[in-house]
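Novice: The primary structure of each chain is shown beneath.
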Amino acid sequence: MEREVLCTGIGGQGVQLAARTLAVAAVAEGREVMVFGSYGGMMRGGNTDATVVVADGPLRAPPTVARSWSALAMHPEYWARVRDRLRPGGVAVVDAGTFGPEVTVPGCRVLAVEAAAVAAEHGAPRASAMVALGAFAAATALVTLDSLTEAAGDVLPEYRRQHVEANRRALDAGYRLVPAPLADAWLEPAVGRAR
Amino acid sequence: MTRRLMEGAEAIARAMVAAGCRFFAGYPMTPFTEVLEHMARLLPEVGGTCMNAESELEAVGMAWGAAATGTRAATGSVGQGLSLMQESLSEICHARLPLVVLNMARGQGDYHQATRGGGHGDYRHVVLAPADVPEAVQLAHRAFWLADVWRNPVLLVGDYYLAHVQEAVDEGVADLPPVPDKPWALDGSTGGSGSARMISPLGLAKRGDPSFVEYGRHLETIGDRLAAMEAGVEPLAESIGTDDAELVVVAYGTPGRYLRYVVEELRGEGLPVGLVRPITLWPFPSAAVAAAAEVARAVAVYELNTGQMHDDVRLAVLGRRPVSFIGGLSFDNSGFGIAPELDVERLSARIRRALDETARTAAPA
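Protein chains in written order, with numbering that gives the first Met the number 0: chain W, 0 to 194; chain P, 0 to 364.
These aren't lab readings, by the way, just hints derived from the structure by calculation. Be aware that a few hints might be false.
[What the hints assert, rightly or not] Facing chain W, a subset of chain P residues (Cβ under 10 Å, in silico):
id, residue
1, R3
2, D131
3, H163
4, E166
5, T253
6, V261
7, I337
8, D342
A virtual CB, placed ideally from N, CA and C, is assigned to each residue, including glycine.
Next up, chain P with everything else stripped away, as it sits in the complex:
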């Protein structure tokens, strides 16, 4: 196993190729561009294809086509580009195709887009949110595995910090169970039936085929599959100090990384604060949040938006404890999602204020 210092963007690209990704398409937008550039260099070396599409609409269409052939495929953008892709992403879910989608986001304003989405019908993506480069490498492997197991798109959420921070990375093959065969993949054959195989958001067979199901029944099947996926995908979270914390902070991604440091520093001073850092945003690690809230007097959510994951934390806590929002927007003039508020001292001050507020207002646990 080799250990190399790598920027997150390169590490994610290399992990995707190591995970078997052989098709990638995208349209440049910082900090997604950084990953696209590495894929453009890496994929031809292994016989794969990387397309600089004319827009995000074409990129997701190309990736959809590649995925339909059973090829491990990925696309991505920043949240703005993923807005354009929403129609296709919901249809890819309805067509039950595996696909990995990157959101190298500018800040954290896309939490609802990632976990709810703006497409049509009942659909969900599995959403993975690494906090550092080694975790991003592990989750990139896991994303392709989950996509194949559940025949469903998996979103990997990063940001400018993750793309640009350099860390020592162990590059090995991830130890994940085998994935099912892909008998549904389009390979140009007709399967001996005399009619071409098809993949469609309206169902996987044509009227008159023995396996044809009515559209309504197809949508019900999708609903059943979503329920199975929600129950079957292991929710992941990192918890710190939640067995004795009076205030539990919930944060994901890069802010989660900062708060992990801040919470450990504050605990070193003896302050009763803990952290739950969701690693899967869908399925949300509700049990980990609920368990931490059970012990604590209050819960506080920090995210770089005006309050989105706040909803999922409130759903997990279900009114048993007060859930305050201590995050907010923060950006510099670059527009890339660099947040001056991500500063150890400023975050420490924020947590101290929330802790004071807890002591003043919350009922004893």
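Chain W extracted, bound-state conformation:
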């Protein structure tokens, strides 16, 4: 089974880092994983997307997919293309700080979390994508919090190591925002095969 996660936001929010953290955590859990990021030359403000595919067997998905089981959305600017690719029954975690609290996708389960506000509360104002990723893990059971915490130590270059603990706090805070999972990535059946 393959589980796709389409990540979207604007440059500077940490979307690529969140995608890589999720992927490294999944590799540590023995999954097959693929990540393909697409982002413009601009560091901040422009479109930044990543496709993450996690499989419990041989991975067949190409670098970009037509349909996705889930989405992690930090900003509404480029959300429409991601939303339209969600499979029926899909799961989305969005940042309520940029989207507002009411986000609906017909036929999908959507969780809006106050990612930026919670990140700031935990002394990690730039780690809102990590809050959202923590919430995504709790909402989908795609990876465990332990694996994400471990991965957070692997994904930053040496010169950014001082931010590892803040990212871990943000992941943990995001995970604890979710009272009950919306889905179970590895238990529920595959839905809506690509057309």
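Let chain W serve as the given structure and place chain P on it in line with the hints.
Specialist: Just chain P, lined up with the frame of chain W:
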């Protein structure tokens, strides 16, 4: 064996170093630059040398020199840079030196350059075209092995997608047979003959040496070696559904990866479509294509150019089935070979149209 999530560019660089590459030279051009940067970091750690040359002409010259000493060496570029290198690449073939050459291509317009080349005389490169990162790692090891076994350049063809996609990679030493010694390598000694050893595209000895052969005879020897290499290098291909497909699609590299997914999805719907994905572009896996065509009613070629591998598929099928071209150019404004047409739904639609066309026009198998 460690398993790590790595970008293709890093995975290829690490595999080359693990395969024993100790010299690398190149001139930056995206997406080749990504590999060059990793080599610049990795090679000094193992006592190797990485040169940022002043152009591709110098890069291939440096790599040629390093290869002549018996060092495992590599160079590369994108197709534009490899255009500059063509003279040297044909001469390196004539001088019978092992070398690995990367083409981190912008699209697939360099198929003819890779499999025919623009240099002079009779020469060939072995050409390997991975579709994903784990396969690229395996083929990087295989490239150095083939180069040493056949004393001939081996081209590894990638693209922007392969350079940038991150996948879980098993990093181990590849299980390949031992390679021959390199008694021809220049090591500064004279071999006791009183005259320096030499390596030259004109032959490996000087006039007056006991082993001297005339230039014409040298070229004939090269022809014999090419025939032996073509017969001796195992052609590799991945085939899906070719035992019952009515339409067989042929695609390589990243488009091959997309079409592998699309063909499996369509087969899941019960459509009679199959795929042959050449992994070696030279020698071309003609037998695999011919066998698939034998069962099918028609063959369709998808590549991101205006029709180049199409030639090799037609040569493999030899008129026994219609071979249509369903590919084409596709690029965004980056110029790096990002192809909007590489989209599961668009490719599915293309295959469905080709299948309809087959049902309408092709004779029953």
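Novice: If you take the shortest Cβ to Cβ gap from P/V261 to chain W, is it below 10 Å?
Specialist: Holds - the Cβ of P/V261 comes within 10 Å of chain W, reaching about 8 Å at its closest.
Novice: Identify whether the interface hint at P/E166 stands, where standing means a beta carbon of chain W within less than 10 Å of its own.
Specialist: Since chain W brings a Cβ to about 5 Å from P/E166, closer than 10 Å, the hint holds.
Novice: Going by Cβ atoms only, is P/D342 closer than 10 Å to chain W?
Specialist: The hint holds - P/D342 has a Cβ within 10 Å of chain W, the shortest such distance being about 7 Å.
Novice: Given P/R3 as an interface hint, is its Cβ closer than 10 Å to any Cβ of chain W?
Specialist: holds (7 Å)
Novice: Is the shortest C-beta separation between P/D131 and chain W less than 10 Å?
Specialist: The hint holds - P/D131 has a Cβ within 10 Å of chain W, the shortest such distance being about 8 Å.
Novice: Just to be careful: measuring from the Cβ of P/I337 to every Cβ in chain W, is the smallest value less than 10 Å?
Specialist: The hint holds - P/I337 has a Cβ within 10 Å of chain W, the shortest such distance being about 8 Å.
Novice: Let me know if the C-beta of P/T253 comes in closer than 10 Å to any C-beta of chain W, holds or violated.
Specialist: Holds: closest Cβ of chain W sits about 7 Å from P/T253, inside 10 Å.
Novice: Just to be careful: measuring from the Cβ of P/H163 to every Cβ in chain W, is the smallest value less than 10 Å?
Specialist: Given a least distance of 7 Å, the restraint on P/H163 holds.
In summary, this structure violates none of the numbered hints.
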